[in-house]
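Asks: What follows is the residue order along each chain.
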Amino acid sequence: MSVASPYPKAVPEANRYIGQRSRKLKGDQFLTGKTEYVNDLELLGTVHMSVLRSPHPHARIRNVDLSRVRQDPRCISALDGEEAKQHADPIPHFISAAVFGGKYNDVRVIATGKVTYRGQIVAAVVAPSRGDADALLDLIDVDYEVLPFVLDGDEALEPGAPLLYDTEGWEDNVVIRIPFVEGDFDAAAAGADHTLEDTFYHHRYSTQPIETRGYIASWDPRAEAYTLHFATQNPHPLRWVLSAALRVSEAQIRIIAPTIGGGFGLKMPGHPEEGLTCVFSRILGKPVKWIEERDEALLLGAREHFHRFKVAFNADGKIVGLRNHFTANVGSISACPGWGMAFLAGLSFPTGYKIPATDVVVTAVTTNKAPWQAARGYGKEGPQIVMERIIDLVAEATGIDPAEVRRRNFINKDEFPYKTNSGLNIDSGDYHQALETALKLLDYDGFKAKQAAALAEGRHIGFGIAFELTPESADIPGTIVGGYDTSTVKMDPSGKVTLLTGVTTPGSGNDGGIAQIVADTLGVDLDGITVIQGDTDICPYGFGNYSGRSMVSGGNAALLAARDIRVKLSKVAAFMLEAAEDDLVFDQGKISVAGTDKAVAIKDVANVIYTLAFATAHMVEPPLEATRVYKPDNIVHFPDEKGRIQPYPTYSNAVHVAIVEVDTETGKVDLQRFGVLHDCGNMINPMFVEGQMHGAAVMGFGAALSEECKYNADGSLAADRFKTYMMQRANEIPMVEVEHQVTPSPFTLLGVKGAGEAGVGGAAGAIINAVNDAIRPTGARLRRTPASPIHVLAALKEAQ
Amino acid sequence: MIKNRFQYLAPTSVEEAANLLAASPGDTEVIGGGTWVVVEMTAGDRDPRRVIDLKNAGLRYIREEKGAVVIGARATYTDVVRSAAAAKLPALVAMAAGVTGGGQLRNRATLGGSACYGNPSSDVPGLLVGLGATLTVRSAGGTRSIAAADFFTGPLRTALQTGELLESMTIPVPAGMKQGYYKFKLAESSWPICTGTALVGADGSATVTIGAANCRPVTVTGSASDLDGLARAAEAAITSPFSDTLADGEYRKQIAGAIAKRAVKAAV
Ligand SMILES: Cc1cc2nc3c(=O)[nH]c(=O)nc-3n(C[C@H](O)[C@H](O)[C@H](O)COP(=O)(O)OP(=O)(O)OC[C@H]3O[C@@H](n4cnc5c(N)ncnc54)[C@H](O)[C@@H]3O)c2cc1C
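Those sequence lines, one after another, are chains A and B.
In case it helps, the numbering used here puts the first sequence at residues 2 to 801.
In case it helps, the numbering used here puts the second sequence at residues 437 to 704.
Restricting the straight-line Cα-Cα distance to at most 30 Å, the calculated cross-link-like pairs of lysine-lysine (DSSO-like) are:
hint: 1; chain 1: A; residue 1: 35; chain 2: A; residue 2: 497
hint: 2; chain 1: A; residue 1: 115; chain 2: B; residue 2: 439
hint: 3; chain 1: B; residue 1: 439; chain 2: A; residue 2: 711
hint: 4; chain 1: B; residue 1: 701; chain 2: A; residue 2: 451
hint: 5; chain 1: A; residue 1: 798; chain 2: B; residue 2: 701
hint: 6; chain 1: B; residue 1: 439; chain 2: A; residue 2: 287
hint: 7; chain 1: A; residue 1: 724; chain 2: B; residue 2: 701
hint: 8; chain 1: B; residue 1: 491; chain 2: A; residue 2: 724
hint: 9; chain 1: A; residue 1: 643; chain 2: A; residue 2: 319
hint: 10; chain 1: A; residue 1: 311; chain 2: A; residue 2: 711
hint: 11; chain 1: A; residue 1: 86; chain 2: B; residue 2: 439
hint: 12; chain 1: B; residue 1: 439; chain 2: A; residue 2: 724
hint: 13; chain 1: A; residue 1: 632; chain 2: A; residue 2: 414
Cβ-Cβ distance ranges computed for the label pairs, FRET-style:
hint: 14; chain 1: A; residue 1: 24; chain 2: B; residue 2: 526; range: 39 to 49 Å
hint: 15; chain 1: A; residue 1: 47; chain 2: B; residue 2: 624; range: 29 to 39 Å
hint: 16; chain 1: A; residue 1: 68; chain 2: B; residue 2: 485; range: 18 to 28 Å
hint: 17; chain 1: A; residue 1: 211; chain 2: B; residue 2: 684; range: 28 to 38 Å
hint: 18; chain 1: A; residue 1: 160; chain 2: B; residue 2: 438; range: 47 to 57 Å
hint: 19; chain 1: A; residue 1: 168; chain 2: B; residue 2: 479; range: 30 to 40 Å
hint: 20; chain 1: A; residue 1: 671; chain 2: B; residue 2: 460; range: 43 to 53 Å
hint: 21; chain 1: A; residue 1: 460; chain 2: B; residue 2: 592; range: 32 to 42 Å
hint: 22; chain 1: A; residue 1: 139; chain 2: B; residue 2: 684; range: 27 to 37 Å
Treat the hints as calculated values from the structure; they're not laboratory data.
None of the values given here were measured: they were computed from a predicted structure.
Ideal Cβ placement from N, Cα and C applies to all residues, glycine included.
Next up, chain B with everything else stripped away, as it sits in the complex (with noise of 0.2 Å):
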């Protein structure tokens, strides 16, 4: 049950947005889908004086611009699954619609929202790192962009400053690769384990992105004709291995490499 009583704000741009929550940032939660918001305020984890959502600030578009896809923060992971723009992006469509939840989960949360929050064990920051995505954040100052590599900083922390909010994601087609993603559960409510973002080019040469076993996402390359190499040097990338209340750090790392394969298998 939700404790206690909050101001509920919709605001119409995300001008206004960035304006609001410059008012008053240390008591306010801003709501992509909410499916992280809520669930937590329910639980008294959080006890916002305000509630600002996104949902009338025009965010909630997936559009094709110069070579790249871009993702307003309030679209949902079915908007991705139905969007001729971001077919573009295989590994994504496959990401977005590999959400759990069903349904009702993957109609209201956002990727935005996921992005924020900035939980290791999660589909979204793995992907954008791997994909090589921009994200680009507003204040009431303006806008600014971080690429996703440096965007997430830690489990539950992002460059995010306190003030900020996320605009957009803007992530390359990549011209001439093809790209796997794959992602490890425990079991079907499981939150993601470990997950692999692949880029392989014409050559053979193949990126992966490993999601989920870290603290932060790590990339690793190599060749997808020595795949046992690739998977030694994801597992070797993991310094700092995430654990939490399904998985401890230890066994993320030992299953990575198999993950950074079967990623490359999904792009092949």
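One chain only, chain A, in its complex shape (with noise of 0.2 Å):
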């Protein structure tokens, strides 16, 4: 496979950024605490916003009486629903379900008729203080008409459940059915030789960065424009949202994203307190301030999906097909992506295995809970999680062993691309070489005798493996969900590169990785690189951060930008050194005529480009700025013959294996060892890499383990606070051991897949086979996330 190098005369290979270990841009600055959040900003004059959140999971709002709290000399303002409406319209849907023939339901900045969550925003304040506004909300009075509620998916879908919409189309809960169907699953499950079903819940739990979201919103009267600094990883797109619901026009909307401190999706746009700080700062000509409580971040959540699935397969292990007909639980209605999450879920199935016939239909159902946010993985972790259960379920159905299970089912090295029976076109991979690796990284085939030995003692250990595959980088054809972006090259007249791009950072290191490309490009020396992102007002126009994808389009353009520069910086060198331009070599910031001593330092002939653009320049167009787009090749939006669109360029792999003890007296398990084989083609920055693998997996381990969004029964979020939401701690996970493989994307220009997305399906996948495998000899099974001591000691007293 060749990968277009970004070296038309390569920079030699040991002074090249590509490839290393560069460290962080601007870690010092978080490694000592100097680095500005949201919340660290003081913009003079600014006051307080706090909301009132419904107490009842689903009601009819007959009255807000703001009387009292307007009286109260610290209230500067205060909005209910009734009101808001008169400055702000619904909220655009990021992704909306009616782009695929769901449904839709209007979201307002604060409710308005109707509450459908308990947490719902019912009205707000604004105060000098974020203390004053939180006691301001207890001056609010609210006449409710309590409604019946109902938080179970499943039971939201059986006639006569509660309705949360009354408005029109909405005859039931199901917010969109959609079906992945190809091939004759009845006709295969009558040939195959055997046919195993089963369930498996897959529970809610979200993603919590520590930094949660915060808005400073500002309208300037004079220039009748916002300026925005809101921790967002998605400046643009947001742009467009809040332009929509307060109705003023994108140019009249300036969004600038400061360092955030984490993402993992809660900080992609719909939220209602985004449009809410601008309608009060609009009143009021005032910045006005919001900052999330961690109560707050835990309302919303993702993934719970209940499996119901059947396998047809033969004696030797082959899948020749699969049912598997889920429900999502997505929550109330919002206009954040969340939802999204169930459409991927059911579009990965079968991941990287070659089922003939496949029957996937997933029904997204709208409940009584919070709504869900895109999360990372963004719903391709639970096929992960269930198709890996999947493949053991089959082993253990034959007698043959799990790994070899996988190698018979998985895509070959030699059929890539490869169509799946949903319509994805998978790039490259070599998932049989990937396995491999991985099994010896834990030594899998030592692992045997030392559980049987275990067992000999009664300690249950276990061994799981799980395959991961990641499509990552996607356009969602319709939505804002951009596939490509934009990045800008500037070199100023004293030779100084200043990059800025469509693409932004949550932390975890793409302006560093993208600056590498650009200092190879340009022979220049990284730390001469200065990087902006987040900026709607100054950087080029960009879908900001999510489905990993800064070096698959951003890295890309910037790629392409910088090659323009150097074309011009080629062209004027060589008539400086009397060379032909194929003879230059730019490394280490100069220009230097091959073979020879003659050479020439970049900055000046930077600064020849500017000063002298009639003369010695006069070949080239000044100045020495280029933005450029990238659009990966292998996206497809016209429907096939059978309808199905290719919405991702690349798809990452990974084989994640987990090593377990289970104690069986009290159903805790013990993660002793965990490692993973990552296969993301070419690497920029590996330790970026693996930095986002070692951060997933974690997320993934939480995911089996501990976290959940637990719900009382009276509809409010009982997992509200870090000490009931147990998040992973750094002393109690073992060490991450990450491998790679190299495969690259034939599709994308430097070779390069997404990265970041991966690691937390697959490991919470690994764990939850690992554990299974230990509890095996008990005759128990668990059939759910997470594997926490009490679930795990249900299904072992169940199978006493």
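Grab the two chains, each in its own frame, and use the hints to assemble them into the complex.
Replies: Next up, the structure:
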């Protein structure tokens, strides 16, 4: 597979940044606490917003009485839903289910008419301090007519279940039902040696960046424009959302995203508080600040699936058919992109396995839980866990080794690009080799003996394998989720480079990675490059951060832009050095003529281009600025003959392996070792890729073991802080042992694939399989996540 | 965010603290380390007009007195870990060292605060009962003593009366007995789900107090050589299992026997 190189005349290998573990840009500032987050910003005259949230999961709002709060001297402004309606239209849905034939419901900055979850905003106040604003909430009187509610996805589908929305088209609680059907499952099942049926419950959990959401909206009455300092992953798309909701043009909104302390999807647009701070700022002509509390951040959930599957397979372990009709309890409707995870969960089956007949149907159902928000993995993690369970069940049923069942069903390396049943076109890979390397990482071959020895002492240890396919860098047609992006490279008259790009960093270091590409293309020092991201007035249009896209789109766009600059430098340098362009080498701030000692400093060439535009540099167009877009190959939005689209350019893959010990007296799982073989194509900076994998894997540990958005029976959130929503801590996790395999993408310029999303589902899947392997001698089987002591012990007791 | 303004008081003696408390006990919170109170004030669950901080009241001590270790109400978990006097009580030290939340929490949070909060799902109540502690409480009228077994009356309930504050905890050093402490948590950041404090005599007689599983700590006796018997007794003793968000009482009861055994093994 040939990969376009960024080096027309290569920078000598020893001096290249690409592939190096270059340090994170501004890493010293992070480490020394000098980084400024949105909550550190103090704009003159800032006032503070607090929102009143519904105490009922389902109720009609009869009346909101703001008279007491308005009489309080601390109250600067207050609004209820009906009043807010005069200032703002419904928030456009970031990914509307209606685009795919599903249902739609208006979502406003403050609820009107009805609330459909506990925690929905019913009124808001502004005061001189956040403490005052919080205190004022006690003075708001809301009269509710309490309605029956439903929290469970299956119950919400039953006839007679409380209906969440009484607007047109909502004759039931189904948001959308999407079939992914290919081949004849029933015929496959009839012809197969065996079938098995089982269920799997994938619970509700979320992502919790340590920095919660935070917004400072500031309306300038003279300029008639907003400046928004918002902790957001997607400044430009958010500008579109807000312009529609706030009845202003996009040009009247400037969004400046400061450094954000983690995103993971939570900071994608559509949240009511985004527009609400703007509404107040416009009314008051002052900056309005709102910082999310942890219990507010924990309201937003993701992934609650109930899978009911049937698998048809032969005695040799080959799977010939899969039926999986599953529900996704997406909670209430919001304008955020969360519900779309249900769509992609269906689309991603059957991951990297060749199964001729698939009948996968996902039903997204709305309930009186709080909405979903996008969460790292974006729906792909569910299929990863469930498919890997299925493979292990087939192994158990046939008596074939689970690794061997994988080998027999994997797509072969010579079959790429491979079109899956749901229409995905998987770019490249070598899954068999990936599996072998991962198994060696934790000595799979030696494990059986250790397991038997442990069992003889009454100890239950288990080995789990999970293959993970991660479609990345999505472009979802008809939505503001773009798969291309834009970068600008500028070299100033003193030869310094500024890089502006439409992708943003949530802390992952993509700014540094993109700078590495530019430094190599121009032969300049990495330290001399300034990267600017996240400002809609100065950065080129782009979609920000999601779906492992920053190198694929922004990185390749920067490569193109840097090449344009290089072409100009090369022409002028050739003239200055009296040499042929083909003989020039760009390296370490110099352009030299290969094989001679003739050289000129790049900064001098830059200076000539700016100052001698009509003489020495007459043959190029100044200034040294270039803006380029990169649209990766392989995305196909024209439906094929079966109506399928192909929204992803790249498909990274990984094989995760875990060793656990289960304490059968308490059900507690001790994750003892964890390894992963990761293949995301060419890596610009392996350290950043590993950093992402470490973080994602630990999120997967949390998903598999302890993180859970628990609800009380009354519809309130039970896990509303970190003592009850239990993230994994450093001292309970093993080292994440990462190895790489590099199968470049044939569809992107640099051969890169997405990185950053992968890891959550694979890690969780490996752990769930390891737990099942460990408890198998007891006859127990765990059919759900998380493998918390309570659920594991329940499974063990059930088997007794 | 703490919503409402309040008066902050830091009396310089325990008598003064008791008098201040007596003046208006209904709208006053006493704080040791404040790791519960401040969290609950931030969440809006408590809204006091006055806060009495005991940090200057002379209650931060741990000393040996007549075969017992006396712990001032303001002593922190870290103080216990570092104290020479407390070293006589390895179960106490193991408990204090195992409190989660890291150095930040252990340097600030007090055993006294945990005792007064009376959350069943915590370390201190079961340990104090298990080691046969006595609590000295003070009011404007003087002091009185309460056995730990009588102090913890139910979830978030103690024998402290209105206007009383905790002054100290006295734990006898169990002569000739081995001590063990074992805590079970769901995950690193979890509250204790079930704890065991064991005292094992030279003759093998064993007393185990199970904390966190029942609404009040429960104590069973048996023999270290019949762990299964002890385990069955422990499970049977859980007659009003405690439930919270993390774990329901049924689960706690199911594991109580295993935890009792592990506490005894920790002692032997
Ligand atoms: C991150 C974190 C981790 C934790 N981990 C654990 C753990 O592993 N195990 C565990 O058991 N607990 C744990 N806790 C809880 C901790 O034990 C208690 O928070 C702490 O011991 C309480 O002590 P404090 O002095 O901070 O209490 P405070 O908040 O000061 O007080 C708690 C209660 O006691 C009252 N009070 C305090 N002192 C007195 C007094 N002298 N007289 C009368 N009333 C008084 C207060 O009014 C209040 O009602 C954790 C807490 C946090 C925040």
